[in-house]
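Between the sequences and the hints, there should be enough to build the whole structure, so can you do that?
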Amino acid sequence: MSVKVRIPTPLQKLTAGEAEVQIEATSIQNLFVALEQKYPGMKERLCDENGKIRRFVNVYVNEEDIRFLQQENSALKAGDDVSIVPAIAGG
Amino acid sequence: MSFVLGLKSKETGREYPKKALYVCEYDFSPLEAFYDYDGIKKVLTREKIEKGPKSIWRYRELLPIDGEPTVGFYTGFTPLVKAHNLARELGVRTVYVKDDSVCHPTFSFKDRVVAVALSKARELGFKTVACASTGNLANSVSAHGANAGFERYIFIPHDLEKAKIMASLVYNPHVVTVNGNYDDVNRLCGEIASKYNWGFVNVNLRPYYSEGSKTFGFEIAEQLGWRAPQHIVAPAASGSLLTKIWKALKEFEQLELLSGPVKTKMHCAQAMGCSPISTAILDNVDFIKPVKPKTIAKSLAIGNPADGYYAKDIVKKSGGSAAMVTDAEIQEGILMLARTEGIFTETAGGVTVASAKKLIESGAIGPDDEVVIAITGNGMKTQDAIQDVVSDVIPIEPTMDSFEKAIQGKPCRV
Ligand SMILES: Cc1ncc(COP(=O)(O)O)c(C=O)c1O
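Chains as they are written, first to last, in my numbering: chain Y, 1 to 91; chain H, 1 to 414.
If you anchor each label on the Cβ, the simulated ranges turn out as follows:
1) Y:Q71 <-> H:A146: 38 to 46 angstroms
2) Y:G79 <-> H:M166: 37 to 45 angstroms
3) Y:N62 <-> H:T45: 52 to 60 angstroms
4) Y:E44 <-> H:G67: 32 to 40 angstroms
5) H:V102 <-> Y:K38: 51 to 59 angstroms
6) H:F287 <-> Y:S2: 29 to 37 angstroms
7) Y:N50 <-> H:D384: 43 to 51 angstroms
Hints were generated in silico from the structure; no laboratory data involved.
The structure presented is a predicted model; accordingly, all values stated were derived computationally and were not measured.
The beta carbon of each residue, even a glycine, is placed where N, CA and C say it ideally should be.
Okay, structure coming up:
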């Protein structure tokens, strides 16, 4: 169950410059756990002290914001595309 | 002489250099420019500002560039119109319209933010500039960027108003229409920005771009005779403008340029079909729930507002409120401003006028109060939105008989 995760620039220091990584995961929740295992320090950046995704971090599964899915419980299947994108200003 | 010291995380205060950075590496919160206010206080006076250029650059000390400005010499310093007729119709003592429908060169307040962003882009050495836009920002980057000699990539949702697309194309940038809504465009641009070394005005230049909105607030205070008004009603998409109008008033207060303390109540205006910020304010919740926008106010159609939390907090802190209005109310807002004051605004302005009306009716703005309404864009760009609600033309034959028949029963004041 491998999904493709696009890593935003500020976190690419943790992935040795990789902008895209393959991770085994079945939900957003365990994706974050797996990311942390492979790239220590990642979870602390993406989640607050209570383990909730930080409010300025947007996570998308196949282009859909997980807040329109099941938030951290959103399911993942093999081949899914996950993007982690910081919130950006409007226009 | 530059007074901007660097960038700071809005959440934790962690400091960063004045580069093309936009989020804190640690918590992803937005970065904001910070200044040497003691140094500014020594040189900046009302007299100095009043002698400055009639553009946003009269406030140069409070804008985040290091060298001299290179873009937007005619941008800003738009009229603050005392709107007697509109005040009467709304049932409130005093109304001012801050009229950016006539901002140079592309008729929206976005000309302010882009003037600052592109001046900074030049300092940082970018050759190509880009933006994700709901329309007005696209127009402004296209025009300002043409004059300043940048290669331009403009990303917009595919379903924007024809006139707004035309008002970008004419300046010959690369206009990319994305098959999705603005939030899709924004997400994509976040990813493009991390791969291409371009100056994205609302992504990696955001801390500089957003400071440009302060000039809207500076001008209101200066044009009122160096004081802050009782109420300001401002439209919100990402929430940046509202946040920065407030920051502007507080900076003037801190620099002792105002005749009294800032007691302004900030009010947030949004469309019913896209009101994540107003909803959070009115429901008194801390969470900004993103939405899928569905409204004729396409310039405000941002369902996932990056500065939503800050806009909400400022509205609350200032004692203001929020409103959300239907498409029909937006149309009526446009018509009301046109028929009372002779100002033709776009759908965003319709949202603001209609929201002001609701806030007055609900008592959030009292009948003896003074309110400034932020009109941020021009109606020529969104003519489709009012096609069904304007009156019909009076077709006649080229004869006196036909004319007189046609105007029978119509008012003829002499
Ligand atoms: C005419 C007009 N008014 C207001 C706004 C809202 O600006 P902000 O994203 O800073 O809230 C926009 C943004 O696109 C706009 O085009």
